[in-house]
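Engineer: Please work from the sequences and hints to get the whole structure.
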Amino acid sequence: MSDTGENYTTFNSRTLVEIVGDVTDEALKATKIKQLLSVLAGRFFNWAGRKSLFTLHLGIKCCAIEMAASATPRFDGDRFGVLFRSSPRQSDVLLVNGPISKKFADPIVRLWEQMPEPKYCIAMGECAISGGPYYQSYNILEGVDTVIPVDVYIPGCPPRPEALIDGFGKLREKIIRIGGAPSTGRDGDKPIIVGED
Amino acid sequence: MGTTVTKEQNSAAAKAVVDNLSKRFSDAGITTEAVAHAAGKKFEFVRIICAPEQWRAVAKHLKNEIGVNHCAMVTGTHYPSGGDDRGWEVAYHMHRWPIQDVEAHTMIVHKGENLEGDDIPMEFEIFIPLAAGDSPSVPSVQDLWVGADWNEKETWDLVGIDFEGHENMHRVLNPHDSPVGFHPLQRQHKIRYHDFNEMYDDPQGFDRKPVDEGRVK
Amino acid sequence: MDDWLQLHEFIYDKTRDIFGSLLDDTFLESSSNDIAFFVFTLVTCLVTFGGIMLSMFMILWIERKFYARVNDRRGATTALRSLWVGENGVTAGEWWNMLPYGIGKPVGAVNKWLNKVAGNKGHEQEMVNRVGNRSWYGVTIFPGFFQNIADGMKFLTKEHMVPSRADKVIFELAPFLVISSTIMILGMIPLSSGIYGANPELSVLFAFAIFGIAPLGVFFAGWSSNNKYTLLGGIRSAAQLTAYEIPLLLSILGVCVMAGSFNFLEIVHFQHSSGVWLLFLMPLGGVLFLVSMIAEVERIPFDMPEAEAELVEGWWTEYGGMRFGLLFAAEYMRVYAASILFAHFFMGGWHAPFAGTIGSIAYIGDAYLAIPGVIWTLLKAWFIFTVVFVWARTALPRIRTDQILEFGWRILLPLAVLQVVLSMVYRLYFFDASAMSDTVAGGWSWDLTILEYTIPWGLPIITTGFWLVVFVILMNDENIEENEERMYHIRTMTPAGTHTAGQE
Amino acid sequence: MAEMWITMGPQHPMTHGLWTLRVKVDGETVTDTEAELGYIHRGVEKICESRDFTQITPYCDRLCYVSAMTWAHSYVMAAEDLLGAEVPERAEYIRLMAAEVQRLASHLMWLGAFGPDIGNLTLMTWCLRDREMFLDLLQELGGSRMHYNYPRVGGVKRDIPIGWANRMKAKVKLFENRINEYEMLLDESTIWLVRLQGVGYATAEDQLNAGVTGPNIRAAGVNADARWTNPYSVYDQVDWEPAVEKPTSVKGADCYDRYRVRMEEMRQSCRMLLDAIEKIPGGANTHYQPGDEMLITKAPTRAPEGATGFSTYECTRGVSNFYLQGGGDGRGKNPYRVSIRSPMFITIPYVAKTMIGYKVADIPAIMGSYDPCIGETDR
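Residue numbers (the numbering used here), protein chains in the order written: chain R, 1 to 197; chain Z, 1 to 217; chain U, 1 to 504; chain B, 1 to 379.
Note that these hints are calculated values from the structure, not bench results. These numbers were taken from a predicted model, which means no experiment stands behind them. By construction, the Cβ of each residue, glycine as well, lies at the ideal position given by its N, Cα and C atoms. Worth double-checking, as some hints may not be accurate.
Distance ranges between label pairs, derived from CB positions [said to hold, decoys possible]:
{"#": "1", "chain 1": "R", "residue 1": "T146", "chain 2": "U", "residue 2": "V169", "range": "38 to 46 Å"}
{"#": "2", "chain 1": "Z", "residue 1": "V180", "chain 2": "B", "residue 2": "T301", "range": "48 to 56 Å"}
{"#": "3", "chain 1": "Z", "residue 1": "V180", "chain 2": "R", "residue 2": "T146", "range": "24 to 32 Å"}
{"#": "4", "chain 1": "R", "residue 1": "T184", "chain 2": "U", "residue 2": "N88", "range": "24 to 32 Å"}
{"#": "5", "chain 1": "Z", "residue 1": "A104", "chain 2": "U", "residue 2": "A209", "range": "48 to 56 Å"}
{"#": "6", "chain 1": "U", "residue 1": "N476", "chain 2": "B", "residue 2": "D275", "range": "50 to 58 Å"}
{"#": "7", "chain 1": "R", "residue 1": "T146", "chain 2": "Z", "residue 2": "E116", "range": "23 to 31 Å"}
{"#": "8", "chain 1": "U", "residue 1": "D167", "chain 2": "R", "residue 2": "V20", "range": "24 to 32 Å"}
{"#": "9", "chain 1": "B", "residue 1": "K353", "chain 2": "Z", "residue 2": "A51", "range": "18 to 26 Å"}
{"#": "10", "chain 1": "U", "residue 1": "E9", "chain 2": "R", "residue 2": "V20", "range": "25 to 33 Å"}
{"#": "11", "chain 1": "B", "residue 1": "E140", "chain 2": "Z", "residue 2": "V180", "range": "46 to 54 Å"}
{"#": "12", "chain 1": "U", "residue 1": "E172", "chain 2": "R", "residue 2": "T184", "range": "22 to 30 Å"}
{"#": "13", "chain 1": "R", "residue 1": "T146", "chain 2": "Z", "residue 2": "E8", "range": "32 to 40 Å"}
Structural biologist: As structure tokens, this is what we get:
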């Protein structure tokens with residue numbers, strides 16, 4: 001009676017799941033089924049991830065208007081699966097389109113952390129890249145990359161909507177290469193700058 | 001096309017306001033003059049220079065007798081080298097417009113040349129020089145014009161000029177956790193990279209560090 | 001009349017045969033019928049669900065494309081080809097070499113072949129096409145259709161997040177409550193008289209009983225997320241769904257009274273054998289059904305619970321990843337179910353329109369009658385979805401919550417009661433049961449006989465005409481000059497620029 | 001339900017930018033509100049103190065991202081007042097046309113953003129589609145889609161290109177039909193009316209006292225418009241009338257009135273443009289080289305200490321003011337102090353208070369009808 005806890009943990013369902021899981025895993029590895037599935041499914045999921053980039057509907061400054069313009073008939077980002085969702089939980093891309101003030105540094109980090117992995121960050125416009133015309137200001141950070149990691153930089157003040165759509169294209173190229181890697185594990189991968197090829 | 005106020009109306013109205021003000025405040029040492037803009041249509045506006053002690057009285061007179069109904073902007077300026085009696089200055093810019101409430105299903109369409117007296121639109125520029133010192137202060141006109149409320153908050157936030165009697169003063173543009181006494185538009189605060197030579201020496205900016213490095217984030 | 005494609009009976013017979021012969025002389029012989037029935041149910045359910053789910057992608061595609069066209073856009077253009085061509089010339093390299101068992105070579109060959117046949121046309125014309133403002137890609141296959149598949153698959157790969165302060169159990173439970181109840185409705189809905197998952201005697205009652213479970217899930221979701229937006233959204237949603245459930249059920253009651261049955265199959269058969277779609281006998285009921293259905297599935301103009309303007313994303317704000325994908329899918333399934341239900345209740349289900357007339361033409365008629373009923377069901381459902389659900393979404397703003405509820409309780413509810421009474425009167429006094437006929441042409445049950453003169457289909461014509469006139473009167477704009485002081489004017493009285501300056 | 005505070009923002013679809021609205025709700029009814037600004041405060045006034053008068057124009061462009069031209073125009077008027085520069089009449093006409101085209105574009109952006117607030121996304125794409133026409137016109141003048149840096153102290157950067165007049169006329173005439181199309185979509189929809197009418201009342205005097213100006217106050221039945229009260233440019237020579245709307249209640253303008261008055265204002269801008277292009281001195285189809293005396297006069301580049309310049313300008317959202325003091329760094333090359341008055345900075349706290357008593361669902365309708373722009377609010 002003294003060690004009921006031990007008895008309890010011996011035939012724990014969690015352990016059972018782990019054992020069964022491990023055995024299955026080993027079996028799959030040995031028969032190379034796992035390899036087969038991961039390569040094939042990986043290509044499919046990679047395709048899905050890059051074709052459907054839901055962007056957080058976050059308008060900071062000038063570039064937000066160009067972001068809106070990229071969804072309009074002339075540019076039509078919806079052709080490439082770029083949709084705008086208002087909730088960070090349902091978004092894949094954080095499109096930073098303006099200067100980050102000291103007051104907004106905390107909220108933007110929070111928005112970034114609320115997004116589920118795999119997630120990507122695009123710095124749109126000079127302000128988000130380096131502070132832009134406000135680099136001398138007392139209240140503006142020198143680029144959003146001082147607080148969150150950035151995957152694609154789109155220069156311009158503001159960039160044209162075509163450049164934004166091209167930036168999404170560049171992000172897709174990057175996703176092909178890195179897959180759906182978590183944003184913390186992309187250290188070796190250099191950010192992409194639109195127009196620098 | 002035809003609604004515009006004419007220049008004659010404008011100068012007559014400016015003269016009337018100046019007469020009114022100088023009659024009312026003749027012995028208070030308040031300067032009142034009608035000044036013409038240097039460009040554009042060269043319309044005249046009324047410039048008042050008064051001491052902070054008289055400001056409430058002037059403001060009440062402006063609001064009640066002259067009909068100034070719109071406080072456009074409040075500007076605080078810091079003059080570190082301005083001398084003892086003009087270390088700071090507050091400039092109020094106000095408008096008088098012929099605007100009143102209407103009944104339902106009606107509207108009022110003014111025509112410039114039909115206006116007369118207090119209805120003629122007019123700009124006002126009130127300078128209040130303040131003595132040099134660490135705690136400049138001006139009486140607030142928050143209760144007279146609601147529009148002055150956030151303008152004064154902003155002036156305190158950015159320039160550090162205190163408004164006596166202003167209720168609920170708080171920072172509006174700078175973060176709430178800014179250091180006490182940090183008012184960025186005071187002249188002793190320099191912008192980042194204010195020394196331009198540094199930029200020419202290092203155009204790529206490799207060695208450049210922001211002045212407030214370490215405090216950002 | 002039964003559809004010629006009796007998949008249901010076919011599978012039933014075949015499973016019996018197969019298992020009867022397979023289990024002959026074994027110890028399972030006595031229970032072979034039970035096993036056959038089990039397998040038969042499994043297969044029919046799979047066929048029905050599979051049919052509905054696959055055709056649901058069409059709904060998503062129609063919505064995207066139709067909506068985009070109204071907005072002067074092209075909409076999604078993602079084609080299947082994007083699976084193998086890569087992005088802007090960047091590909092994943094020869095990834096097939098990583099495949100085991102030596103199947104890398106054939107897979108790679110297939111990939112290369114696909115790239116050759118249905119890949120990019122090469123970069124030779126890139127500049128010319130850019131100048132011509134065209135894409136330099138090759139042919140696209142069914143553009144945009146695969147966008148929704150990509151969206152759904154992407155949700156699978158997303159991280160699953162539960163807010164730290166959320167009520168974890170209920171938070172996880174709510175999406176499954178919503179989606180499972182939605183899928184169960186689909187189990188009740190026949191695609192044609194030969195393709196259905198289950199057909200209980202009171203299938204309409206059963207389906208709508210299940211339909212009422214989803215609000216509970218919605219409320220759970222809103223409450224458990226521990227977020228004020230979702231809370232407001234959940235409560236709004238609960239109030240709205242409850243308010244619109246009643247007119248919805250009453251309008252369905254009207255249908256059931258008219259058809260004299262609570263069974264989907266019999267309601268559809270009744271429309272065929274009595275000779276006319278119920279839409280023409282009870283247009284009011286059809287409109288009530290659609291309006292309350294739009295509210296039930298929370299689409300514009302009744303999408304206040306997920307109003308994007310003030311409640312970020314409404315009651316599903318905190319759901320991300322696959323949970324959100326499920327909720328999203330559930331919403332579209334409910335829309336799809338609503339469209340199919342309308343097709344069944346009011347548009348004759350799987351019966352071809354004018355089957356008797358067109359079917360009697362030589363050759364063409366045979367081909368016409370050879371179209372399986374499931375095609376007609378889907379076409380009608382897609383049509384209703386496009387014309388009602390998507391068009392309303394493109395054209396209308398959303399109504400405020402209090403206005404939604406007021407509209408539901410004060411206008412829809414009395415009208416729904418009126419519709420039930422009308423249905424009873426029609427059924428009792430104007431219905432001629434003896435003229436019903438289960439032939440290809442259908443019957444003539446709704447003729448109107450006045451003073452010895454018989455008007456063929458008189459009742460439907462008069463009813464539809466009456467409601468059309470009412471509709472036209474209601475749609476007509478008021479004369480703005482007559483009443484200046486009314487609450488809702490449609491034009492400004494004196495547009496700027498027409499008034500003369502100087503009048504005070 | 002007990003009362004609770006909901007924080008809307010800084011990232012929220014209603015805010016049209018970055019600011020926070022804290023709402024106290026009792027069920028669905030708003031009982032108290034509080035506005036919080038400053039999320040994109042960039043310190044433009046401070047930066048401008050170390051820029052010379054030409055370099056400030058781009059910063060004024062970037063103050064408000066949907067009406068760059070009007071803000072730059074407002075600034076150069078103050079700078080001309082400070083430096084004492086005369087503007088050639090042709091340049092004034094060009095500035096007027098540029099500002100009115102910008103006003104059309106800005107109002108279209110407002111209507112486009114207002115549509116999703118009420119729940120109609122089609123409106124947004126339609127408006128942004130038509131806005132592209134006017135952005136193209138402005139792009140021909142300034143060279144960029146959004147920030148033109150076009151007005152200069154003493155004139156304009158360059159002349160209107162050849163053919164611009166015809167393109168402008170064609171687009172404006174097309175757009176006049178498009179306005180009718182929008183009204184067919186909106187005014188004839190009962191839902192649009194019941195969402196907007198009777199919501200967000202504000203009287204004229206109240207608004208003016210609180211500092212709200214522009215179309216918002218004209219919706220309350222008075223033709224308050226700095227274009228005729230404090231006349232500038234050549235607004236006294238072209239054919240137009242301030243758009244005024246009759247409010248339906250003594251409580252002042254509701255959201256519908258504010259919507260109507262902007263629609264009418266777009267018509268007035270069209271009327272003004274079509275008239276101005278006929279009256280422009282030097283002809284609409286001649287092209288003067290940049291720097292020609294028809295376009296720009298040489299203005300002094302330094303302002304003495306003690307000189308001040310002040311401008312009152314009818315921006316797209318209300319009256320914008322610039323106040324400059326001369327005698328800054330570089331022996332007067334820079335201004336000593338630049339002060340910017342943005343109409344929205346005053347309006348947003350006021351609007352937040354007018355929401356009290358309405359439903360939560362009315363918040364986007366009320367806020368959207370005032371056309372908030374946070375770029376100019378936070379400066």
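Engineer: Are E172 (chain U) and T184 (chain R) spaced within 22 to 30 Å by their CB atoms?
Structural biologist: 26 Å, holds
Engineer: Cβ-Cβ distance between K353 (chain B) and A51 (chain Z): within 18 to 26 Å?
Structural biologist: Check failed, 34 Å falls outside 18 to 26 Å.
Engineer: Take the C-beta atom of E140 (chain B) and the C-beta atom of V180 (chain Z), compute their distance, and say whether it sits inside 46 to 54 Å.
Structural biologist: With Cβ atoms ~51 Å apart, the hint holds.
Engineer: Taking the beta carbons of E9 (chain U) and V20 (chain R), is their distance inside 25 to 33 Å?
Structural biologist: 42 Å, violated
Engineer: Does the Cβ distance between A104 (chain Z) and A209 (chain U) fall inside 48 to 56 Å?
Structural biologist: 51 Å, holds
Engineer: Kindly confirm whether 24 to 32 Å is satisfied by the beta carbon distance between V180 (chain Z) and T146 (chain R).
Structural biologist: 26 Å, holds
Engineer: Falls inside 23 to 31 Å, the C-beta gap from T146 (chain R) to E116 (chain Z)?
Structural biologist: Given about 60 Å between the Cβ atoms, the range is violated.
Engineer: Falls inside 32 to 40 Å, the C-beta gap from T146 (chain R) to E8 (chain Z)?
Structural biologist: Because 59 Å falls outside the window, the suggested range is violated.
Engineer: Quick one: are T184 (chain R) and N88 (chain U) within 24 to 32 Å, going by C-beta?
Structural biologist: 27 Å, holds
Engineer: Is 48 to 56 Å right for how far apart the beta carbons of V180 (chain Z) and T301 (chain B) are?
Structural biologist: Because 39 Å falls outside the window, the suggested range is violated.
Engineer: Could you say whether the range 24 to 32 Å given as a hint is met by the Cβ separation of D167 (chain U) and V20 (chain R)?
Structural biologist: Check passed, 30 Å falls within 24 to 32 Å.
Engineer: Do T146 (chain R) and V169 (chain U) keep their Cβ atoms within the hinted range of 38 to 46 Å?
Structural biologist: At roughly 40 Å between Cβ atoms, V169 (chain U) and T146 (chain R) fall inside 38 to 46 Å, so the hint holds.
Comparing the model with each earlier hint shows violations of hints 2, 6, 7, 9, 10, 13; every other hint is respected.
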